[in-house]
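Colleague: Using the sequences and the hints given, assemble the complete structure.
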Amino acid sequence: MTELSLTQLVFRLGGYTLALPAEKVLSIADWEAPRRLPRRAPHVSGYLRIGSSAVPVLELPALLGIRAGEPRYRIHAGTAEEGLLLPATEILAVRQVPLEDFGRSALLPEFAATPYIHAMGIAGSQAFAVLNTDALLATLHPQEDLVP
Amino acid sequence: MTATTQRRGHDRPAEALLLAQVGALAIAVPYAAVQGVLNTEPLDPAPSPKLRAIARRKGDVVPVLCTHEFLGEPAPAGRGEAILVTLHGVELGLAVDRILRTTADGALRLAPIPAAATELPPGALAALAWNEEGDALLVDPHRLVSEEDLAEVVAAL
Numbered sequence: 219m220t221e222l223s224l225t226q227l228v229f230r231l232g233g234y235t236l237a238l239p240a241e242k243v244l245s246i247a248d249w250e251a252p253r254r255l256p257r258r259a260p261h262v263s264g265y266l267r268i269g270s271s272a273v274p275v276l277e278l279p280a281l282l283g284i285r286a287g288e289p290r291y292r293i294h295a296g297t298a299e300e301g302l303l304l305p306a307t308e309i310l311a312v313r314q315v316p317l318e319d320f321g322r323s324a325l326l327p328e329f330a331a332t333p334y335i336h337a338m339g340i341a342g343s344q345a346f347a348v349l350n351t352d353a354l355l356a357t358l359h360p361q362e363d364l365v366p
Numbered sequence: 177m178t179a180t181t182q183r184r185g186h187d188r189p190a191e192a193l194l195l196a197q198v199g200a201l202a203i204a205v206p207y208a209a210v211q212g213v214l215n216t217e218p219l220d221p222a223p224s225p226k227l228r229a230i231a232r233r234k235g236d237v238v239p240v241l242c243t244h245e246f247l248g249e250p251a252p253a254g255r256g257e258a259i260l261v262t263l264h265g266v267e268l269g270l271a272v273d274r275i276l277r278t279t280a281d282g283a284l285r286l287a288p289i290p291a292a293a294t295e296l297p298p299g300a301l302a303a304l305a306w307n308e309e310g311d312a313l314l315v316d317p318h319r320l321v322s323e324e325d326l327a328e329v330v331a332a333l
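If you read the protein sequences in the order shown, they are chains A and B.
For what it's worth, our numbering labels the leading residue of the first sequence as 219, then goes sequentially.
For what it's worth, our numbering labels the leading residue of the second sequence as 177, then goes sequentially.
Bear in mind the hints are in silico, worked out from the structure with no lab data behind them.
Computed from a predicted model, the values in this text were never measured in an experiment.
Where hints are given, some of them may not hold.
Quick partial rundown of chain B residues pointing at chain A, CB under 7 Å, derived from the structure [what the hints assert, rightly or not]:
#1 L201
#2 I289
#3 L296
Pairwise CB distance ranges (calculated) [unchecked claim]:
#4 G264/A with K234/B: 40 to 46 Å
#5 N307/B with A345/A: 56 to 62 Å
#6 T297/A with R319/B: 23 to 29 Å
#7 S343/A with P250/B: 46 to 52 Å
#8 I246/A with G299/B: 31 to 37 Å
#9 V330/B with P327/A: 50 to 56 Å
#10 S343/A with G310/B: 56 to 62 Å
#11 I309/A with R232/B: 39 to 45 Å
#12 P250/B with T297/A: 35 to 41 Å
#13 V213/B with G287/A: 43 to 49 Å
#14 G212/B with A298/A: 38 to 44 Å
#15 I246/A with D220/B: 50 to 56 Å
#16 G287/A with R255/B: 39 to 45 Å
Built from N, CA and C at the ideal position, the CB exists for glycine as well.
Modeller: This is the structure in structure tokens:
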């Protein structure tokens, strides 16, 4: 399991509050419709050109098995070489989360079976599901692709 | 092409690409692999989803692969154009809606697209290519069309 980061970017996707390690976030920008890919994988909605990279946009609601409306933001996460774009409805905050506050809230039943959520966290009175960014990145960059 | 070994986009001297429209996609193929452009004649009924048209070249019939089928785009009805190439030793056409242009001038930028982002055969989508005129998906026809696909098409003709 990925080590939990103490600094989390907390955001909303549809009716769900999610978080991912702040150090994995490269940029946040307004949502832009993904460009079309031929025979795109089911977990990919297309790509966007970011700087000198073609970055796939993940179908995060489909991966998590949830419904979400039209996103308003895109979060570029990972590394410049191997990154992904995640949709977000609202950017809430960057939170420092004490280690003991991870796992204090029960995992939502809809996330019980997904490998893309690996903990719940609480910051103040706000509970959030922590995304497993390594698992998300692995959907696009399987381990064999990482070997030089 | 060396695009599949590059991790990030970069400027490079132009390597001529032929750009064509396939459904909603703009694709690019290395111009060095292009032997010509032919008009196509639809086959009715089509013997296979992968073979919907032929072209004629110097009196010979050339099978035209339905590029749309391979790329998951809706196949158009009627006549169109085909890019003449030789794949796995077989001369054939790759159906396109229309030829757009060649990119021979100016810097061209390339960036890989992770293979897992599509369900195409590995390497078939070699890279994203772009310049100030827009994006095109650089396709490697040798990876897109397998020898089994070719055997199926030749048998259907």
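Colleague: Now, for every hint given, state plainly whether the structure supports it.
Modeller: How the hints compare with the structure:
1. With its C-beta approaching chain A no nearer than about 6 Å, L201/B sits inside the 7 Å limit, and its interface hint holds.
2. Annotation: interface hint on I289/B holds; nearest CB of chain A at approximately 5 Å, less than 7 Å.
3. Evaluation of the L296/B hint against chain A yields a held restraint, the C-beta minimum of about 5 Å falling below 7 Å.
4. A beta carbon spacing of about 42 Å between G264/A and K234/B agrees with the range 40 to 46 Å that was offered as a hint.
5. Remark: the range hint 56 to 62 Å for N307/B to A345/A is contradicted by a beta-carbon distance near 47 Å.
6. For T297/A paired with R319/B, a C-beta distance near 26 Å keeps the hint of 23 to 29 Å intact.
7. Between S343/A and P250/B, the C-beta spacing of about 51 Å keeps the proposed range 46 to 52 Å intact.
8. Under the hint 31 to 37 Å, the C-beta atoms of I246/A and G299/B, about 33 Å apart, fit the expected range.
9. At roughly 54 Å, the beta-carbon separation of V330/B and P327/A lies within the given 50 to 56 Å, and the hint holds.
10. At roughly 48 Å, the beta-carbon separation of S343/A and G310/B lies outside the given 56 to 62 Å, and the hint is violated.
11. Distance hint for I309/A and R232/B: a CB-CB separation of about 59 Å, inconsistent with the stated range 39 to 45 Å.
12. Checked against the given bound of 35 to 41 Å, the beta carbons of P250/B and T297/A, roughly 36 Å apart, stay inside it.
13. The supplied range of 43 to 49 Å is met by V213/B and G287/A, whose beta-carbon atoms lie about 45 Å from each other.
14. Hint check: G212/B to A298/A, Cβ distance near 40 Å, so the stated range 38 to 44 Å holds.
15. Between I246/A and D220/B, the C-beta spacing of about 52 Å keeps the proposed range 50 to 56 Å intact.
16. About 43 Å separates the C-beta atoms of G287/A and R255/B, a value consistent with the hinted range of 39 to 45 Å.
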